[in-house]
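Work out the full structure, taking the sequences as your base and the hints as a guide.
Protein chains in written order, with UniProt numbering: chain R, 1 to 364; chain L, 1 to 364; chain F, 1 to 364.
In case anyone wonders, no lab produced these hints; they're calculated from the structure.
Check before you lean on any hint, since a few could be wrong.
Here are the computed lysine-lysine pairs in the BS3-like style, where the Cα-Cα straight-line distance is at most 27 Å [said to hold, decoys possible]:
(1) 183/R x 118/L
(2) 271/R x 118/R
(3) 183/R x 271/L
(4) 183/L x 206/L
(5) 271/F x 183/L
(6) 118/R x 183/F
(7) 183/F x 271/R
(8) 118/F x 183/L
(9) 4/F x 271/F
(10) 206/R x 4/R
(11) 118/F x 271/F
(12) 4/L x 271/L
The lines below spell out each chain.
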Amino acid sequence: MSTKNLIFIVLLLFVPVSIAAHFLEWGSVTVFITACLAIIPLAAWMGTATEEIAVLVGPTIGGLLNATFGNATELIIALVALNAGLVEVVKASLTGSIIGNLLLVMGLSMFLGGLRFKEQTFQPVVARSNASAMNLAVIAILLPTAVNYTSQGIEESTMQTLSGWVAVVLILVYGLTLLFSMKTHAYLCDVGEAENESSSEGHSEKPNGLLWTVVLLVCTLLVAIESELLVDSLEEATASLGLTALFTGVILVPIIGNAAEHATAVTVAMKNKMDLSVSVAVGSSLQIALFVAPVLVLAGLILGQPMDLNFNPFELVAVAVAVLIANSVSSDGRSDWLEGTLLLAAYTVLGLAFFFHPVMEAMG
Amino acid sequence: MSTKNLIFIVLLLFVPVSIAAHFLEWGSVTVFITACLAIIPLAAWMGTATEEIAVLVGPTIGGLLNATFGNATELIIALVALNAGLVEVVKASLTGSIIGNLLLVMGLSMFLGGLRFKEQTFQPVVARSNASAMNLAVIAILLPTAVNYTSQGIEESTMQTLSGWVAVVLILVYGLTLLFSMKTHAYLCDVGEAENESSSEGHSEKPNGLLWTVVLLVCTLLVAIESELLVDSLEEATASLGLTALFTGVILVPIIGNAAEHATAVTVAMKNKMDLSVSVAVGSSLQIALFVAPVLVLAGLILGQPMDLNFNPFELVAVAVAVLIANSVSSDGRSDWLEGTLLLAAYTVLGLAFFFHPVMEAMG
Amino acid sequence: MSTKNLIFIVLLLFVPVSIAAHFLEWGSVTVFITACLAIIPLAAWMGTATEEIAVLVGPTIGGLLNATFGNATELIIALVALNAGLVEVVKASLTGSIIGNLLLVMGLSMFLGGLRFKEQTFQPVVARSNASAMNLAVIAILLPTAVNYTSQGIEESTMQTLSGWVAVVLILVYGLTLLFSMKTHAYLCDVGEAENESSSEGHSEKPNGLLWTVVLLVCTLLVAIESELLVDSLEEATASLGLTALFTGVILVPIIGNAAEHATAVTVAMKNKMDLSVSVAVGSSLQIALFVAPVLVLAGLILGQPMDLNFNPFELVAVAVAVLIANSVSSDGRSDWLEGTLLLAAYTVLGLAFFFHPVMEAMG
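Structure representation (structure tokens):
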């Protein structure tokens, strides 16, 4: 058994612990931390199960499955938080996921990979094409904020309508990028042994479809339960830890939700498979911006918890800055440890800025 | 006769119709729409006539002619609107022209071209050089807005003076880019059979100078008349259609003024001449920013309708965003249908944002 | 003796003149101008002395010496101004140095070099790597401003703490870039005969360590004295010349402090050594952002003149714009006179904007 799986099994103990902490009222900080830890292995196994099933059902449906469930953990946490009315935390976790994938995940990959290999290379065409899609996504989800910020205020219902239409455009674009990368230009986007690599130990035999479907369902259910615990305890726990809702949403929640991607991207970078590593980090950001965010906007309308795309302006600055520096570092198709350091430093500085950002009364 | 010319001749019927609509008081909406339609063929023929005369007078004077009259339609509409005091509409149409050329025209070209050809290429050196000039232009016309927005207000006369000096710098830079592309580095900027292509059917015989001069004069006169009708009816018509002056200026007016460039850029893209297509779209934006905008600032001083470069901040955001994504898509010298889609999606999202942007009292 | 040295010796006469002007009370304008002129040769000789000593002590310590004392003149002027409480002038001179190096120095180099050579090339890898570091630096020093601007105000003490932490991150990154360029990836960053070129006439014999150490100490002392005169007279002199403190800090002070780099970068560009020229301009900006600015923040805490990283938002715009266009021009590893013109035009437009920017009450 690999070290990774051993760690995951230990972390799995936090599932019963967190539930006990909730019912025995061990305090919101305990519930929050144990729920966070419990989600990490569940998210990882959901990812593995999705990929195993994807192998079984063939490239097209498998690709769609990966594209839809790839960020399932984040989507579940966000839906639970949205349903509980924590709209600002949900928005913050979206920007935080984008920032975290582009700076923390890609930065760690380039840094640790760069310590082993003097120079690493990856396909610049894919990096640039992704950069353009990322630019569009960021522009789209942040324009409503700009509309509000550059006018004498916009009515809430108008903001909802605008956000809804923007969400529709983004989902359409997401569908077209899938069509592009899986059908018309698949050769461009082939980054090699993705499934083999990110699943734990490779598989010469055919995966067991029933087994993995059960794993997927059980993990999804447990993630949903742990998300309830996490969301319930979030406000009280973070307040008693002296953290703002903004910082929690932007920095803490995404690290938990993306732990699996972090592990995969860093592992493959250290095996010098930078194409796959960059693709995981940027692909995950793209999925958040082009799929998770618009789905949440539309879900908000259904749940009666209207979520618009009117972000805190500093989140706008942070995402713009993250995309800018990630593009600048990745556009030439090569990386070294200094480029990784620059991304990590940018993440640190953004983290400091969010930590000290005064809480707005609108938050939380 | 080509389909394009047939359409143009039919549209020409709107010249008398719009004049009738004005004098017989058929309502401002009718006048506005018919004037819009009438301008499209006139603009196209002005373009053709300019190019035919340019062939006749030789490369240097011809190049200057193209560089000066290339956006004549937009310039005439803007001058008429400026004279009528619609300063905010004029500014909006400038930003709208830049956005429209970079996103709508280039996006449609890459999308439709990309449906026919899996991958299209163009000279990245020219694309990058143009991108740098475009960056400068955008920076220059938007800095006065930033000065106003980041201070506790700037006096109107100071803003005028600043805008005037910036205009002078831009016109100088425009002159130098012409010198660069026509004299010192002409080999870099040669995009092939531009005149032949964009004029309708090619010409083995020498063009008839007198004929085309008459066409140019008549079309210019008619464009000026139709612009008067368009500007007179604009405010009432758009209000009764439920559109803001901002949306009209940014989205509607530029589509009419740039219809000819649209047709040319898309046509040549579908013949896989992407160098020319990108050059038309980016070149037209550059001309707006480096020549038309500063000329209008200086004309405003003469007309007693002072026009400064203090834009609505959302226009600033929109232009910055358009330039960013256009650079990101075009800097690698290759395009496919997805890149076209990204540009069109960006245009759509910007259009939605302008549509829902609350009217500022300063507008119209 | 070279023309350059002759000019410097003439300028040296302004050392006694400026001191006389101060004690004989010839007026603050006279003191200010003569002190400015006196600093130019002193700064140049400090640079030469640093490089000669660097040759003597070997590449590693020499590299560190260059990296630390490379912007010594600016650091001294800034420390004196900071000690006198002119915090806003210090901040303005930091942004002005970055802008000046990226636009004025690099622009003049590309323009004058481009007049001699049709096309000049330099290593794009280094240019891009520097661009990424520059992006990080700009992001880091400007995020505190963004925090303040996007909240309902941040307490001064929180801003201090945030700025202090950001300064620590930047100094760490600076150390790592030195490690990268001098140790682990030195081959990437080798731009050739830098020392030989930028020192005046080359040296076949071993430099005289004692002589140059004396020159360094005397020049440092004199720069410090002249900086006192410059800072003392600055406010009164610029006010009577009709200039704002912002304009003085952003445009005038950096031109004086960077005069030596200007001369070096332009001289080597005209010898077609663009790698070195770009490296001097960008390297100097990087040093300001990653080393001088954070050192001043930490020095402010010691001097009891708290200097945070909360800039005038227009400075933020200006630096972002300068980095954008400098990256856009330099990222392809080639330059011509038009690219130089674009940078100079951007500098001119920014200069105009700063000239007309209304003084905020917080300034000076």
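Hint numbers the structure violates, sorted upward? none
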